[in-house]
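A.B. asks: Each chain is listed here by its residues.
Number of protein chains: 2
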Amino acid sequence: MSDSSPGTVDLLGVLAYAELTAFLRLAEDAALLAPTLNDRAALGDVAAAEYGHFRVLRDRLASLGVDPEEAMAPFVEAIDAWHAQTRPKDWHEALIKAYVGVGIAGDFYREAARNTTASISALVDEVLAGESRAEFAVERVRAALDADPRLCGRLALWARRMVGEALSQGQRLAAVRPQLAALLVGEEGENLAEIGRMFARLTEEHGKRMAALGLTPGP
Amino acid sequence: MSDSSPGTVDLLGVLAYAELTAFLRLAEDAALLAPTLNDRAALGDVAAAEYGHFRVLRDRLASLGVDPEEAMAPFVEAIDAWHAQTRPKDWHEALIKAYVGVGIAGDFYREAARNTTASISALVDEVLAGESRAEFAVERVRAALDADPRLCGRLALWARRMVGEALSQGQRLAAVRPQLAALLVGEEGENLAEIGRMFARLTEEHGKRMAALGLTPGP
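From first to last, the protein sequence lines are chains P and H. Remember, our numbering sits 61 above the position in the first sequence when you count from 1. Remember, our numbering sits 61 above the position in the second sequence when you count from 1.
Hints listed in this document are in silico derivations from the structure and should not be mistaken for laboratory results. Predicted model, so just to flag it, every value in this text is computed and none were measured. Treat the hints with caution; some may be incorrect.
Claimed, not checked - Here's a subset of chain P near chain H, in silico, CB distances under 10 angstroms, partners left out:
{"#": "1", "residue": "A77"}
{"#": "2", "residue": "F84"}
{"#": "3", "residue": "L85"}
{"#": "4", "residue": "L87"}
{"#": "5", "residue": "A88"}
{"#": "6", "residue": "E89"}
{"#": "7", "residue": "A91"}
{"#": "8", "residue": "T97"}
{"#": "9", "residue": "R101"}
{"#": "10", "residue": "A108"}
{"#": "11", "residue": "G113"}
{"#": "12", "residue": "R171"}
{"#": "13", "residue": "E172"}
{"#": "14", "residue": "L263"}
Just so it is clear, CB atoms sit at the ideal spot from N, CA and C, and this is done for glycine as well.
With the rest of the complex left out, here is chain P (with noise of 0.2 angstroms):
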């Protein structure tokens, strides 16, 4: 495998629209939902930190010759989809959207740049180290939690429902996109006990997102 076969150049242009989306999105919902100049301050540190690391991919992607807007262009409807399900209503919900979005996000691409090569992966690390900015939210969360604990349980439907719009749109891409898919389980049907193992570790990163936050399964 090169760092320009087709799963890898999938696997960047799914990144860098996600960075670069995620960048607009939090923009959006810093300038519109945050309470205080300093949230939308802190709010739009993580969305400028997206940009960032859609620079670094872009940039890859031009080096191995490829067309950024094309790398991208596959990934629109999924991600613009994903989007339109999880626009935040207010400050709560679009906190636990930067924290819970950009962490399951992250997690997907952990996987996927396991089993590229070692540039790719290395690159995958960089961008991802700096997203511990969302860290933010957590505090911000659980003291909300603390002043009104009643908030937790649409909050924690709020965080499933992530969840389950990631994972519907995740499915969509795989069927259209095998050679990505490829990069995430192996080859069809080639190793289900790794799919399971995948999908352990997913739930059990997102279990601990949602505990950091205050966010614990209902009854």
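Got chain P sorted already, so can you dock chain H onto it with the hints?
C.D. replies: Structure of chain H alone, referenced to chain P:
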């Protein structure tokens, strides 16, 4: 005059809020109006650079012992009003807003920075140095005008509206923030000739941008 004099804090505050807001609005325009993903990324690049400037200004305010939120608060209404009056309806309007809007704002800040301390003046220069990212708009607008010269009248009017709204909001601000106004024009009535020269410089710079875009004044 010191770095933490009221006029200087006002200057850093208005510049910080302007950069934060430009970042968020440009990101919104990129998401909503860009015709291609490469265009979206190019305007995103301008937006992300504005965020970088915001961070420099916020950090300087904090190092002066000033709460950035408090320093920005007096300017929220005027800057939000300017954006509400200059919401682009299509991609060409968005490009012109990026280029002309960023340019006008930069000219004002340079004028104000002349009359402050050397360290603040250097900071403002540093923040404004990266504004050339908006230059890509020139090429795009000129190509659009070549393809359809009838666009010229509407887009020239649009650019004039942005200047008019900027002057109108600037006057409102000068009335309520006399220390900031004093940075621009000296103490009240002190130096009418200097005020005249300043407006001549601002007009000249705006004229250069209009000419660069191919938007020459109508007959």
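A.B. asks: Does each hint fit the structure? Answer for all of them.
C.D. replies: Verification of the supplied hints:
no.: 1; hint: A77; verdict: holds (9 angstroms)
no.: 2; hint: F84; verdict: holds (6 angstroms)
no.: 3; hint: L85; verdict: holds (4 angstroms)
no.: 4; hint: L87; verdict: holds (8 angstroms)
no.: 5; hint: A88; verdict: holds (4 angstroms)
no.: 6; hint: E89; verdict: holds (6 angstroms)
no.: 7; hint: A91; verdict: holds (6 angstroms)
no.: 8; hint: T97; verdict: holds (6 angstroms)
no.: 9; hint: R101; verdict: holds (7 angstroms)
no.: 10; hint: A108; verdict: holds (7 angstroms)
no.: 11; hint: G113; verdict: holds (7 angstroms)
no.: 12; hint: R171; verdict: violated (24 angstroms)
no.: 13; hint: E172; verdict: violated (25 angstroms)
no.: 14; hint: L263; verdict: violated (28 angstroms)
Of the hints listed earlier, those the structure fails to meet are numbers 12, 13, 14, in rising order.
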